[in-house]
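2 protein chains.
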Amino acid sequence: MIRTIESKDNSFIKEVKKLKDRKQRKAAKQFLVEGIKSVEEVINSPYTLDSILYSEKMDGKIDSIIEGLNHSNVKIYKVKHEILKNLCSTENPQGILAVVNIKDFKVDTLKDGFYVLVDRVQDPGNIGTIIRSAHASGAKGIILTKGSVDIFNDKALRSTMGSAFHMPIIEDDGEILPYLKLKGYKFLVSSLQSDKDFFEVDLKGNLVICVGNEGNGVSDYIYDLGDIKVKIPMPGGAESLNVAVASSIMMFEIVRQKLI
Amino acid sequence: MIRTIESKDNSFIKEVKKLKDRKQRKAAKQFLVEGIKSVEEVINSPYTLDSILYSEKMDGKIDSIIEGLNHSNVKIYKVKHEILKNLCSTENPQGILAVVNIKDFKVDTLKDGFYVLVDRVQDPGNIGTIIRSAHASGAKGIILTKGSVDIFNDKALRSTMGSAFHMPIIEDDGEILPYLKLKGYKFLVSSLQSDKDFFEVDLKGNLVICVGNEGNGVSDYIYDLGDIKVKIPMPGGAESLNVAVASSIMMFEIVRQKLI
Numbered sequence: 019m020i021r022t023i024e025s026k027d028n029s030f031i032k033e034v035k036k037l038k039d040r041k042q043r044k045a046a047k048q049f050l051v052e053g054i055k056s057v058e059e060v061i062n063s064p065y066t067l068d069s070i071l072y073s074e075k076m077d078g079k080i081d082s083i084i085e086g087l088n089h090s091n092v093k094i095y096k097v098k099h100e101i102l103k104n105l106c107s108t109e110n111p112q113g114i115l116a117v118v119n120i121k122d123f124k125v126d127t128l129k130d131g132f133y134v135l136v137d138r139v140q141d142p143g144n145i146g147t148i149i150r151s152a153h154a155s156g157a158k159g160i161i162l163t164k165g166s167v168d169i170f171n172d173k174a175l176r177s178t179m180g181s182a183f184h185m186p187i188i189e190d191d192g193e194i195l196p197y198l199k200l201k202g203y204k205f206l207v208s209s210l211q212s213d214k215d216f217f218e219v220d221l222k223g224n225l226v227i228c229v230g231n232e233g234n235g236v237s238d239y240i241y242d243l244g245d246i247k248v249k250i251p252m253p254g255g256a257e258s259l260n261v262a263v264a265s266s267i268m269m270f271e272i273v274r275q276k277l278i
Numbered sequence: 019m020i021r022t023i024e025s026k027d028n029s030f031i032k033e034v035k036k037l038k039d040r041k042q043r044k045a046a047k048q049f050l051v052e053g054i055k056s057v058e059e060v061i062n063s064p065y066t067l068d069s070i071l072y073s074e075k076m077d078g079k080i081d082s083i084i085e086g087l088n089h090s091n092v093k094i095y096k097v098k099h100e101i102l103k104n105l106c107s108t109e110n111p112q113g114i115l116a117v118v119n120i121k122d123f124k125v126d127t128l129k130d131g132f133y134v135l136v137d138r139v140q141d142p143g144n145i146g147t148i149i150r151s152a153h154a155s156g157a158k159g160i161i162l163t164k165g166s167v168d169i170f171n172d173k174a175l176r177s178t179m180g181s182a183f184h185m186p187i188i189e190d191d192g193e194i195l196p197y198l199k200l201k202g203y204k205f206l207v208s209s210l211q212s213d214k215d216f217f218e219v220d221l222k223g224n225l226v227i228c229v230g231n232e233g234n235g236v237s238d239y240i241y242d243l244g245d246i247k248v249k250i251p252m253p254g255g256a257e258s259l260n261v262a263v264a265s266s267i268m269m270f271e272i273v274r275q276k277l278i
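So the protein sequences, as listed, match chains A and B.
Note that our numbering has the first sequence beginning at 19, numbered continuously upward.
Note that our numbering has the second sequence beginning at 19, numbered continuously upward.
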């Protein structure tokens, strides 16, 4: 059933608009996904949708999406284009928006392999790129410490190119890191202070790759959790690498070691 | 000698302002560098400076820079803060700007090792990050095809974190690629269409790593130049990697192979 909303003062529209704010997303345990390709991605992912909103201008252009959801619990709303535009972050929105439920991560779903711990990274493009690489390289999940940029903000989500929907995004609640330690995962910390060559390390076991803030690297807390502290060799003389690049080099060295 | 400029209508100021435009940079063979750290980087690089402009507000704060240039040919101008602000791209400029001469690349300065060919990459942050990684990994230079974003634009320069000043930036003039071929450099093209595993390739010889546009990859021309077409294995299922990430993984696999 498709419902129609014509007023921007509709109470549901007001609730959706709140999800543009990080705190409200956390409280409601929901986030927004914009655009046809991204909405299709999230529909075909393990995430569940609360609702779909689309612009009257999209009539006939998204039939396959709507039909696919017809017998689901997802609520479908057709709204005035101006209302939809007001809910979107892009300047010229395509005219479709999904309200998606944030998934809680359960520690008993931990898998063998490697996780990527992102400590207080600030740039949405960097975190999005890290998640895209994590998905490509077969990471089992991403762990975000408090103080990291919100992965469910629009720019970060866009930089993941859909990859955010295909792996667990785990917020550090104070328990996940000790639990990983207990389960024998080795913490590999990237640090400019180390002189241990990253390429000499065996990466085939259960691992947590830890990377930190653009300017300051990992916090003391994460540094102290490190079982192995490594530096990516930089023979050319630059002082450091972009954090998304450094973490991707580490993830794909795991890919390489597992292939050979 | 420090000259003083008080009018925004000063003819030199007008010439400097033109350098905010790509075409004018190309015509004048000069570009602008903003901020204390970046100006220091470029002074300590192989680039030559035409002039330094600084805000009257910086009096006493940049003495070491000014003194270092005292007996050089670099012209030094103290200008009103509003004039300097108008020449800068950042919203709250630190108050120092250098006019730097673009270096022509001469083919007889080619070095053994690897170059990175960037084909029509559009995002300034991506190209800046590629140059930063190229510097870190010891690349001998960057080659930019026509249609690539200008590396001398403010955002791209900032993303390089100073690395742009420490390696040749070579614009493809139609002659450099055939010359590299003639000299026996192997062209390694990253392509999603290939199924040759990148990690199986020996990367120790003279190489040109070729990466392409964010949406479309390399052009047919570059693809056809390729001696080896490879794909970085992505066991996790994402369709592709960010172009700065893909090129950095390739550069650091060269670092790894040369270390072992």
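Since the hints were derived computationally from the structure, they do not count as laboratory data.
Even glycine gets a Cβ: it sits at the ideal position worked out from N, Cα and C.
Any given hint could be a false lead.
Unchecked claim - Partial pick of chain A residues on the chain B-facing surface, computed with a CB cut under 10 angstroms:
hint	residue
1	G143
2	M185
3	P186
4	I187
5	F216
6	G255
As the list claims (entries may be wrong) - Some chain B residues judged to face chain A by a derived CB distance under 10 angstroms, without partners named:
hint	residue
7	K44
8	A46
9	Q140
10	G146
11	I187
12	L195
13	L259
14	K276
We went through each hint and held it up to the structure:
1. The closest approach between the C-beta of G143 (chain A) and any C-beta of chain B is roughly 7 angstroms, which is under the 10 angstroms cut-off, so the hint is satisfied.
2. Satisfaction of the interface hint for M185 (chain A) is found here, the shortest Cβ-Cβ separation to chain B being roughly 8 angstroms, below the 10 angstroms cut-off.
3. Interface hint status for P186 (chain A): violated, as the beta-carbon distance to the closest one in chain B is roughly 13 angstroms, over 10 angstroms.
4. Look at I187 (chain A): its Cβ only gets to about 15 angstroms from chain B, farther than 10 angstroms, so that hint breaks.
5. Annotation: interface hint on F216 (chain A) holds; nearest CB of chain B at approximately 9 angstroms, less than 10 angstroms.
6. With a least beta-carbon distance of about 6 angstroms to chain B, the hint placing G255 (chain A) at the interface is held under the 10 angstroms criterion.
7. Interface restraint check: K44 (chain B) against chain A, minimum CB-CB distance 26 angstroms, threshold 10 angstroms, status violated.
8. Hint status for A46 (chain B): violated, given a least beta-carbon distance of 28 angstroms to chain A, over 10 angstroms.
9. Annotation: Q140 (chain B) was flagged as interfacial toward chain A, and the flag is violated, the nearest CB pair being 14 angstroms apart, outside 10 angstroms.
10. A distance limit of 10 angstroms between C-beta atoms decides the matter here; for G146 (chain B) the minimum to chain A is near 9 angstroms, and the interface restraint holds.
11. Because the closest C-beta pair between I187 (chain B) and chain A is about 15 angstroms apart, greater than 10 angstroms, the hint is violated.
12. For L195 (chain B), the interface hint is violated, since its Cβ never comes within 10 angstroms of a Cβ in chain A; the closest pair sits about 23 angstroms apart.
13. At its closest, the beta carbon of L259 (chain B) sits 6 angstroms from a beta carbon of chain A; the interface hint therefore holds under the 10 angstroms criterion.
14. Taking 10 angstroms as the C-beta contact cut-off toward chain A, the hint placing K276 (chain B) at the interface holds, the least distance being around 8 angstroms.
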